[in-house]
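From first to last, the protein sequence lines are chains A and B.
Okay, so the first sequence: first residue is 389 according to the working numbering, each after it adds one.
Okay, so the second sequence: first residue is 78 according to the working numbering, each after it adds one.
No wet-lab data here; the hints were simulated from the structure.
Where hints are given, some of them may not hold.
[What the hints assert, rightly or not] Chain A side only, calculated, beta carbon under 7 Å to chain B, not exhaustive:
id : residue
1  : S427
2  : A476
3  : P493
4  : R509
Every residue gets a Cβ at the ideal spot worked out from N, C-alpha and C, and that includes glycine.
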Amino acid sequence: MSLRRQKLLKKSIIYLLLTLLSAFSVFPFLWMLITSFKSSAEILAGQVIPSRVVFDHYEKLFEGLFPRYIFNTFVVTSSTTILTVLFALPAAYAFSRFKFKGKTPLLLFTLFGQTVPGSVRFIPLYLTMLALGLLDTLTSLWIGYLGWLLPFSMWMLYGFLNSIPIELEEAAMIDGASRSKTMLYILLPLCAPGIVSVAIYCFISAWQEFMLANVFIEDPSKRTLTVGLVSFIGQYKIDWGQMMAGSMVSTLPVTIGFVLFQRWLISGLTQGAIKG
Amino acid sequence: MSGKNAKLRGRYFDALNKWYFYSLPAFVMIAFVTIYPVMINLFQSFFSIGFDGTWHFVGLNNFEEIIGSRIFYIVLKNTLIWTIGSVTGILVLGTITALLLNEDFKGRVFFRAILLLPWVIPRVIAGLLWKNMFHADIGIINEMLIRVGLLKSPVAWLGNPYIAIFPVMLTQIWQLYPFAMITILAGLQSIPQVLYEAAAIDGANGWQKFCYITVPQLFQVIRVIVLLLFIWAINAFDITFVMTRGGPVHSTELLPMTIYLNAFEYGKFGKAASTAIIASFISMVFAIIYLKKSDPVRE
């Protein structure tokens with residue numbers, strides 16, 4: 389076979405395989421879309437293509453508690469993200485820029501915090517929140533998330549800060565700037581990409597967290613999105629229509645945002661993955 | 078910037094120069110939400126705690142009950158199948174797609190974006206989507222397989238204890254293989270082009286280039302993520318909860334699910350705590366291996 393034909397064959401195989409894999413990845417999304425516009429009767433009858441487009445599910449969704457779920461999730465996720473960055477950055481700074489005894493053990497201790505599985509923490513946390521009277525509040529959620537996301541965020545920022553040369557800060561401090569000024573005006577702009585990566589990671593993690601949200605919250609009006617969607621699974625029947633509509637609403641912004649900004653997100657994530 | 082001012086600054090703001098000032102809030106939170114619960118959990122595992130909140134000391138009784146129960150071994154078996162199956166699937170699909178995306182062709186970025194989509198959505202939604210698709214009566218999977226002729230009658234994918242774990246595993250693979258793909262791809266793309274060119278000059282053909290340059294790098298990257306995938310698999314909860322809640326007949330129950338059920342379904346917080354200890358022990362073994370391999374402290 390000539391070289392040209394070989395290349396053509398190779399390209400065809402690549403496109404074929406990728407198309408198959410893409411179909412595998414994308415089909416559930418299409419199905420979610422179609423089902424959300426299908427009437428309940430047709431869903432339960434197992435009809436594949438809807439005979440007409442139906443907006444019932446979306447209407448019911450927004451007449452019900454769903455907007456509340458969105459609000460709750462947004463509140464919890466934003467608080468978590470902001471607080472995590474606020475706590476993690478100074479801590480990462482401390483590790484990166486100071487020498488002190490016990491740094492290594494503390495670093496390992498942080499890493500250890502990351503490996504604790506959620507299933508171990510959530511029962512004592514539940515009992516703690518019960519004792520503190522914080523059960524069934526959104527506060528309990530962002531407290532839980534904060535502690536959970538801090539180790540990894542600290543770690544990522546620590547690695548990132550390490551890669552910023554200390555000479556710049558030293559030069560500023562020799563010129564008389566105080567440490568806090570140095571940190572604010574010189575370091576902060578430089579570590580913006582790292583902060584953004586960590587913020588995105590925290591946001592996404594908190595957004596989709598289910599275990600704690602499910603266990604801590606009783607009151608339906610305080611539910612987060614993930615729990616709200618699962619609540620469409622009733623005891624006797626499942627409201628697939630609203631569930632799919634709700635899923636569409638939950639994933640559409642993330643999906644679109646991702647497709648548009650994937651270059652930045654991926655580079656941030658993989659840098660962290662390869663570096664350490 | 079006079080001498081007097083500098084001294085003043087030194088005295089009042091000395092705290093700003095101490096490392097613990099910066100790291101204290103973070104450590105307090107971590108201790109409160111991670112370390113403290115773990116300690117309490119350890120303590121609780123020796124008690125029997127009911128919903129009413131009363132604690133009775135039972136020593137090692139919880140552990141004896143767990144190790145003596147048939148369900149525990151079913152769960153261990155499930156964990157084994159689940160972990161090995163899903164991690165293998167994730168790595169295989171991830172590697173194939175990464176290799177494909179590593180080639181140079183039009184539309185690469187487009188495909189990469191599409192293939193990453195499953196990973197970007199919440200786990201819970203992935204579980205709900207596939208739960209609907211695998212539904213015995215109204216699911217599209219049965220519908221398609223029957224229409225195409227591969228099946229004669231609908232299969233109870235999530236209702237049959239012998240096969241239920243497989244659709245759930247498929248969902249996990251569907252959702253996580255993009256992660257493997259993107260990390261492996263990054264690893265592949267970090268191979269310097271000159272290596273391939275030098276090999277070509279030395280007379281290596283495509284296959285040899287693949288075996289001696291690409292594959293070793295592949296192994297390198299896979300080594301890094303495989304333990305991470307194992308740890309995630311062992312601690313998986315969302316997808317199993319949403320799709321089957323550990324059923325039918327415990328066939329898709331994993332350790333986190335057991336802990337949850339013990340606490341919130343059977344009302345045995347103490348036993349849940351003990352199960353959690355066992356689960357973390359297993360998880361920690363993998364975590365330690367992973368940490369040792371990636372050598373965290375590089376100063």
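Hints and how they fare:
With its C-beta approaching chain B no nearer than about 13 Å, S427/A sits outside the 7 Å limit, and its interface hint is violated. Hint status for A476/A relative to chain B: holds, with the closest Cβ pair at about 6 Å, below 7 Å. Evaluation of the P493/A hint against chain B yields a violated restraint, the C-beta minimum of about 10 Å exceeding 7 Å. Satisfaction of the interface hint for R509/A is found here, the shortest Cβ-Cβ separation to chain B being roughly 5 Å, below the 7 Å cut-off.
Of the numbered hints listed earlier, those contradicted by the structure are 1 and 3.
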